[in-house]
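J.: Residue numbers (the working numbering), protein chains in the order written: chain A, 1 to 290; chain B, 1 to 309.
If you are wondering where the hints come from, they were derived from the structure by calculation, not from laboratory data.
Cβ atoms here follow ideal geometry from the backbone N, Cα and C, with glycine treated the same way.
Be aware that a few hints might be false.
[What the hints assert, rightly or not] In silico SDA-like cross-links for lysine to any residue, where the CA-CA straight-line distance does not exceed 25 Å:
| id | chain 1 | residue 1 | chain 2 | residue 2 |
| --- | --- | --- | --- | --- |
| 1 | A | LYS125 | B | TRP178 |
| 2 | A | LYS125 | A | GLY101 |
| 3 | A | LYS125 | B | SER41 |
| 4 | A | LYS268 | A | ILE279 |
| 5 | A | LYS125 | B | ILE42 |
| 6 | A | LYS125 | B | ARG33 |
| 7 | A | LYS268 | A | GLU241 |
| 8 | A | LYS268 | A | ASP174 |
| 9 | A | LYS131 | B | ASP116 |
| 10 | A | LYS125 | B | VAL32 |
| 11 | A | LYS131 | B | TYR43 |
| 12 | A | LYS125 | B | TYR43 |
| 13 | A | LYS268 | A | GLY158 |
| 14 | A | LYS125 | B | ARG115 |
| 15 | A | LYS125 | B | ARG117 |
[Stated by the list, open to error] Here are the computed distance ranges between Cβ atoms for each label pair:
| id | chain 1 | residue 1 | chain 2 | residue 2 | range |
| --- | --- | --- | --- | --- | --- |
| 16 | A | GLY39 | B | LEU36 | 36 to 44 Å |
| 17 | B | PHE104 | A | PRO2 | 43 to 51 Å |
| 18 | B | TRP286 | A | PHE13 | 35 to 43 Å |
| 19 | A | ARG68 | B | GLY245 | 37 to 45 Å |
[To be verified] Listed next, the stretches of chain A that the computed footprint assigns to chain B, with coverage defined by at least 3 CB atoms under 8 Å from CB atoms of chain B:
| id | segment |
| --- | --- |
| 20 | 87 to 95 |
| 21 | 102 to 109 |
| 22 | 191 to 203 |
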Amino acid sequence: MPCIEAHALRKAFGTTVALDSIDLCVEEGCILGLIGPNGAGKTTALHAILGLTPYGGELRVLGRDPWRERDRLMRDASFIADVAVLPRWMRVSQALDYVAGVHPRFDRAKAEAFLAKTTIPRAGKIRELSKGMVTQLHLALVMAIDARLLVLDEPTLGLDILYRKQFYDALLNDYFDRSRTIVVTTHQIDEIEDVLTDLMFLDRGRIVFRCSMEEFESRYLEVTVTPDHLAAARALKPLHERSRLGRSILLFDRADRPRLAALGEVRKPSIADLFVALIGNQNGAQGASR
Amino acid sequence: MTTQSNAFPESTVAAQAAPAILSATRPWCWSVRRELWENRSIYIAPLAVAAVYLSGFLLSLTRLPQRVRDLAWLDEMHQRHAIEQPYHMAAGLLMFVWMAVGAFYSIDAFQGERRDRSILFWKSMPVSDATTVLSKAAIPFGVLPLLTFAVTFILQWTMFLFGAGALAGSGLSVTTYWIRLSLVPMSLLLLYHLVTVHTFLHAPFYAWLMLVSAWARRMAFLWAVLPVLALLALEKLLFNTSYFGSMLMYQLSGGGTEAMTMPGAMPMDPMTRVTPGHFLTSPALWIGLIVTAAFLAAAVRLRRYRDPM
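With the rest of the complex left out, here is chain A (with noise of 0.2 Å):
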């Protein structure tokens, strides 16, 4: 069964499309990556997914409309939105007691066991944490939830690069199996690339790009090449072209490597290649026609 179905889901804002008929299936056991610009739709599609907010079309998640049926949907669903939505008057203690006691999945001993390793005072009060730390918090709350689907939008915005690398390993080591499914929303896509399985770009409302990281992995690759040769290659339809240190530097979709290989160094490309080869053509196609 789909952990998440929609067709045709919409949502706008007075006249600021956010979702502009959106169909989507995530299967359960994947760890999705939702890629965007800012104001591409990606939050509100989280919002939409978790009964946040109320859309138009269909939606299914794990079996529920999530706008009807949120509260029974969360049994089943956990979400971190970013750094800042604990309440910050709260204790540690008392966001655990909180949890345990309106959460029917919720472990305490779990959660107890990933704070033991931390350094977060189990008295002290939200406020008094670093964001390192409420991050921590929350991961450890939403860790020690048996659920099925975990949401997190832009989860470890603010945080500096052990506390995200730590945050992630966490999430892969401690939490995921096949039989949860992750999405998430990050702008710093380098950094879970090869937590994903799955990859979708959303970009004004619309998905740009979907695909499973094995046909990403095994469809793109890059070729830096030298002016030489920088004609035969753009014979080859490269996706993007960019220049770096008088070098150019194509991205291919389905090439063949020996014949790329033949024109330059050729190295698989990251997300954010892919990313801003095919947005940024988008948004630069748009800009010109203007």
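Using the hints provided, position chain B relative to the given structure of chain A.
T.: The following block gives chain B in isolation, referenced to the frame of chain A:
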């Protein structure tokens, strides 16, 4: 945060078993509890006021024996009135504290969680908007009345014990003081007054403040007051009447006559004043409760739609 692979110990039996079925009231109870964690003024304010009042009363005890001797020349009704006065003042003061705390709490109940974006955390829990609204409504409609009664009860009985001690030390009759004071009927009357007037008749006001709190993006207090003032002014300008104002005042203060008779006069047994039958059949009570339910239902709907600010 470390990344050791053995990060968690073996899951507990509870975690492996099917999730426990929470009783329907458990999320509500925890939601009320977290309101008390967040808004400590709910219990600190009445306790602080009671402590200050008690200190003042204790300081005045040096003059109590002489005052009681002076009262001997008055008739029984006036003696009772003079002896009960500091006790009534204590109750009145704590009722005022309830109204102030309840109003400030209600006006910030839903705006605060959107202002600090914590609404996203609360909504990530399996707690419905209706449960949340009812748990917040439980503060002015349940917690504050009980707390006000408990604090007033303890304060008045403490005042009596110290007062009786001061009189006994001066060789005056504690029994007469006890009889004149009628502390037990006074406590029962207080409980009845708190439930009827301050809980039921005032309910629409707290519900209105909560509704505005759920609706307004900012300046909730102004949004709560301005429409009321506008309606009062409009009625006066268009019809030269003040029915709306009279209705508000009746609900806020005069409605007390629905629950008791003879306001201002104190019979020998104060409990003879209560008229629960009249109160329960009063239109003011039922219209007020219907309006309260409508305001709270609107607050549930608004909370569902509102995003963080």
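J.: Hints first: check each against the structure and report whether it holds.
T.: Hint by hint, here is what the structure shows:
1. A:LYS125 - B:TRP178: 48 Å, violated
2. A:LYS125 - A:GLY101: Distance ~19 Å between A:LYS125 and A:GLY101 Cα, so the pair holds.
3. A:LYS125 - B:SER41: 17 Å, holds
4. A:LYS268 - A:ILE279: The hint holds at about 19 Å.
5. A:LYS125 - B:ILE42: 19 Å, holds
6. A:LYS125 - B:ARG33: 17 Å, holds
7. A:LYS268 - A:GLU241: Holds. A:LYS268 to A:GLU241 sits at ~15 Å (cutoff 25 Å).
8. A:LYS268 - A:ASP174: 29 Å, violated
9. A:LYS131 - B:ASP116: Satisfied, since the Cα-Cα distance of roughly 15 Å is no more than 25 Å.
10. A:LYS125 - B:VAL32: Distance ~19 Å between A:LYS125 and B:VAL32 Cα, so the pair holds.
11. A:LYS131 - B:TYR43: Violated, at about 31 Å.
12. A:LYS125 - B:TYR43: Holds, at roughly 20 Å.
13. A:LYS268 - A:GLY158: Cα-Cα ~29 Å, so violated.
14. A:LYS125 - B:ARG115: 18 Å, holds
15. A:LYS125 - B:ARG117: Judged against 25 Å, a Cα distance of about 17 Å means the pair holds.
16. A:GLY39 - B:LEU36: 36 to 44 Å: 40 Å, holds
17. B:PHE104 - A:PRO2: 43 to 51 Å: About 47 Å separates the Cβ atoms of B:PHE104 and A:PRO2, which means 43 to 51 Å holds.
18. B:TRP286 - A:PHE13: 35 to 43 Å: Distance hint for B:TRP286, A:PHE13 holds at roughly 41 Å.
19. A:ARG68 - B:GLY245: 37 to 45 Å: Distance hint for A:ARG68, B:GLY245 holds at roughly 42 Å.
20. 87 to 95: Answer holds; 6 residues pass the 8 Å Cβ test.
21. 102 to 109: holds (count 6)
22. 191 to 203: Three-residue rule not met by the segment 191 to 203 of chain A, so violated; n is 0.
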